Amino acid sequence: MRQDDWSRLNDMVIAAVGEVMSSAGVATEYAGSMVHGESSWAELIAIIGLGGDKLRGSVVLSVPLALLERSHPARATARDDLADWLGELANLLLGQLKSRLLARDVSIVMSTPLTLSGTALRFHRFKAQPVTHTFRADGSEVLVMFEAEGEESAQLAVEADASVALDGGEMILF
Amino acid sequence: MIKKIVVVDDSRTARQQVGAALAEAGYAVIEGVDGLDGIAKVTSNLDASLIICDVNMPNMGGLEMIEALRRDHPDLAVPIVMLTTEGQLELVQRAKQSGARGWIVKPFKPHMLLSAVRKLVGDA
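From first to last, the protein sequence lines stand for chains A and B.
Reading the first sequence from the start, the letters are residues 11 to 184 in our numbering.
Reading the second sequence from the start, the letters are residues 744 to 867 in our numbering.
Just so you know, not all the hints are guaranteed correct.
Stated by the list, open to error - Only some residues are given here: those of chain B computed to face chain A with a beta carbon under 8 angstroms:
1) 756
2) 828
3) 851
4) 855
5) 857
Hints in this document: simulated from the structure, not taken from any laboratory.
All of these numbers come straight from a predicted model, not from anything done at the bench.
No residue lacks a Cβ here, since even glycine has one placed at the ideal position from N, Cα and C.
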């Protein structure tokens with residue numbers, strides 16, 4: 011995959027994060043991206059995998075506990091509930107990204123999310139160079155790491171075809 | 744009589760969100776945590792008025808669940824609506840072919856979900 015496609019792909023990730031967090035009532039402000047996987051991860055992180063002919067990798071979502079509590083639909087505070095909510099946010103994020111990729115002729119399948127808790131979490135192995143995006147949100151930071159390998163010949167279609175996928179919030183009755 | 748709705752989603756938060764909207768509208772909610780559990784809940788609640796089902800779940804996904812229900816219970820007439828983060832039209836088509844009556848992409852607005860529910864259970 012060409013460098014400009016990787017850039018567009020990461021732009022899609024950034025846009026998807028904004029939409030998902032906004033749908034959860036959290037206003038985020040993009041604060042920059044770094045090519046590395048070493049970050050100050052929150053105590054809870056969610057990991058969700060993606061696979062396909064053209065692209066394979068994972069997305070890691072890190073949201074501070076206080077922000078998870080404030081955004082939880084039922085205002086839950088128990089760690090298990092917050093972990094479940096974080097997993098659902100990761101699921102929403104990859105769903106958004108999948109629709110954007112489909113519109114650019116890249117099809118992926120999504121795994122179910124995995125959530126982890128711990129302190130001083132570190133990643134030791136990546137498929138490819140991880141890019142970590144930082145967002146400011148309500149006085150704290152949301153981190154999203156996207157790491158994937160793409161087929162060399164794979165390209166994102168120049169024109170987006172919105173007719174291949176429904177967007178978040180859309181409904182069809184048959 | 745209160746109508747029963749089976750909600751199948753591996754996320755407890757998602758089940759709570761859907762369940763709260765349905766309960767507020769006067770429906771009884773039965774929860775399933777994956778496709779296998781969903782089949783068990785549906786087959787033990789054959790008087791349910793609607794099934795709301797996620798797609799990507801561990802053990803058995805929602806599309807596999809509705810295909811199994813269609814195969815093993817061909818007389819089952821309960822309408823099914825998929826509620827998922829997936830928006831891929833290929834998957835929507837697969838659900839339709841398996842007898843689903845609707846597809847909603849998360850995040851959902853409760854009023855939108857309820858309008859679909861009321862239409863499908865005949866309360867509109």
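Hints, one by one, checked against the model:
no., hint, in the structure
1, 756, "holds, 5 angstroms"
2, 828, "holds, 3 angstroms"
3, 851, "holds, 7 angstroms"
4, 855, "holds, 6 angstroms"
5, 857, "violated, 11 angstroms"
Figure legend: structure checked against the earlier numbered hints; the only hint not met is number 5.
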